[in-house]
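Numbering (our numbering), first residue to last: 3 to 454.
Keep in mind the hints are simulated off the structure, nothing from the lab.
Positions of the beta carbon are idealized from the N, C-alpha and C atoms, including for glycine.
Each hint should be verified, as a subset may be incorrect.
Distance windows between CB atoms, simulated [unchecked claim]:
hint	residue 1	residue 2	range
1	Arg-335	Ala-396	20 to 28 Å
2	Arg-357	Thr-312	20 to 28 Å
3	Leu-127	Glu-89	55 to 63 Å
4	Thr-295	Thr-427	19 to 27 Å
5	Arg-241	Thr-312	40 to 48 Å
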Amino acid sequence: MTARILIVDDMPANARLLEAQLAAEYYQLRTAPDGFEAIERALSWQPDLILLDVMMPGMDGFETCRRLKDDARTLHIPVVMVTALGEREERVRGLEAGADDFLTKPVELDSLLARVRSLVRLKRLLDEWRARGETARALGLAGERLAVPSVAGARALVIDDWDVGAQTIADALAREGIAADRARSGAEAAPLTAAIAFDLVVLSLSLAGDDPLQVASQLRAGDATHEVPMLLVAEAGDRAPMLRGLDLGANDWLTRPVDANELRARARNQIRRKFYQDRLRADLGHALEMALTDPLTGLYNQRYFMRHLTGLLDAQPTAALAVLMIDVDHFKRVNDEHGHAIGDRVLRGIADTLRGNTRMFDSVARYGGEEFAVVLPGTNQADAVGTAERLRHAVEAAPPISGNGSLPPLTISVGVACTGGHATTAEALMQASDLALYEAKRNGRNRIELAR
């Protein structure tokens with residue numbers, strides 16, 4: 003998983019060390035020597051993650067983080083503070099300033115990479131919701147940007163078989179206005195998560211009767227909990243399961259003995275982020291469905307698709323991105339021989355197939371008539387062709403739709419265009435993919451062609 007990382011440190015040797023560690027993992031890197039330049043570069047470059055030194059002259063890391071999180075243009079960027087100070091008070095101070103995590107010098111590579119992967123995954127999801135929000139605002143379908151929500155009234159699930167530890171966590175959360183339910187095992191947690199919409203899960207990595215990592219994996223895969231932030235509680239020095247838990251999808255962690263202030267700060271950050279995402283989804287859902295979706299298929303319409311594509315390109319003009327233009331082969335014959343009712347069923351079926359074979363952050367639209375379009379953020383040419391081939395095969399392999407007589411086999415032709423070269427605007431990408439689609443149809447249909 004590649005990502006853009008901004009390293010902020012007034013000591014060139016420290017910055018070079020982090021650069022060397024991250025460059026080996028193929029991350030895109032930039033540096034800033036102080037907090038003022040860090041804010042400027044965060045605004046102009048929009049990194050996926052900021053590694054921020056605490057002790058800097060002029061403006062320290064705490065103030066830099068606070069300013070980044072107070073600005074609507076940068077508040078969504080995860081910040082990991084890097085410090086030689088290991089005291090809990092410093093961690094709490096950083097978390098209160100809005101930091102997403104802490105690393106203590108000397109930075110251990112496995113800890114660094116685990117946090118980077120976890121936070122970049124989260125930012126990618128939030129980026130997609132933010133992009134959809136900007137699209138809706140540009141079209142006059144959403145209100146102002148959301149303020150930072152309060153966590154009062156939130157509900158947490160504490161999974162811990164140690165009574166004293168579980169009560170300590172519940173008491174600390176209660177002082178923040180967060181109600182806590184208790185489960186002693188994954189089996190006890192299952193009916194609770196099915197019945198209650200939790201805003202946070204606090205999971206002990208010291209469960210005696212369960213494999214806590216298996217519990218974490220099940221929570222992340224569950225329909226009711228796959229987007230609920232998960233906070234791990236590890237024994238001091240128990241790094242291996244904590245790092246594995248982050249890779250499995252946990253969002254944050256802390257060690258015993260649990261400091262109440264640190265727990266509340268970490269819980270508050272995670273719940274606020276969830277509330278922000280929940281409110282984006284709720285506010286956008288109805289407006290977009292009514293004004294920006296095709297009533298026949300439920301997919302986005304051309305108006306939304308073009309505005310969303312333009313927004314993605316404007317936000318990250320150098321990022322990899324691909325567009326697929328898709329046409330249903332011989333669709334006129336279906337309408338002429340079987341009627342428009344069957345034709346509509348064919349279009350709905352193909353829409354369902356396309357939607358079911360793309361990622362949650364891809365956007366699928368009915369572009370017009372029997373044409374569909376798909377935008378694939380963060381996708382290079384090879385992966386775009388692979389996706390197009392998967393969609394082509396899925397349509398061809400779908401169960402036949404019954405009609406008045408024998409329907410011809412349903413197939414699609416696909417034109418693929420990627421950013422780079424001449425295709426740098428939404429209009430250029432669509433024109434390139436449309437020309438590639440024309441070539442696919444001219445060369446026999448049921449095939450894929452790349453834009454030249």
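Now for the hints, and whether the structure bears them out:
1. For Arg-335 and Ala-396, the hinted distance range of 20 to 28 Å is satisfied, since their beta carbons lie about 21 Å from each other.
2. Taking 20 to 28 Å as the suggested C-beta distance range, the pair Arg-357 and Thr-312 conforms, at roughly 22 Å.
3. At about 32 Å, the beta-carbon gap between Leu-127 and Glu-89 misses the expected band of 55 to 63 Å.
4. Distance hint check: the CB atoms of Thr-295 and Thr-427 are about 24 Å apart, consistent with the given range 19 to 27 Å.
5. Checked against the given bound of 40 to 48 Å, the beta carbons of Arg-241 and Thr-312, roughly 44 Å apart, stay inside it.
Of the numbered hints given earlier, the model fails hint 3 alone.
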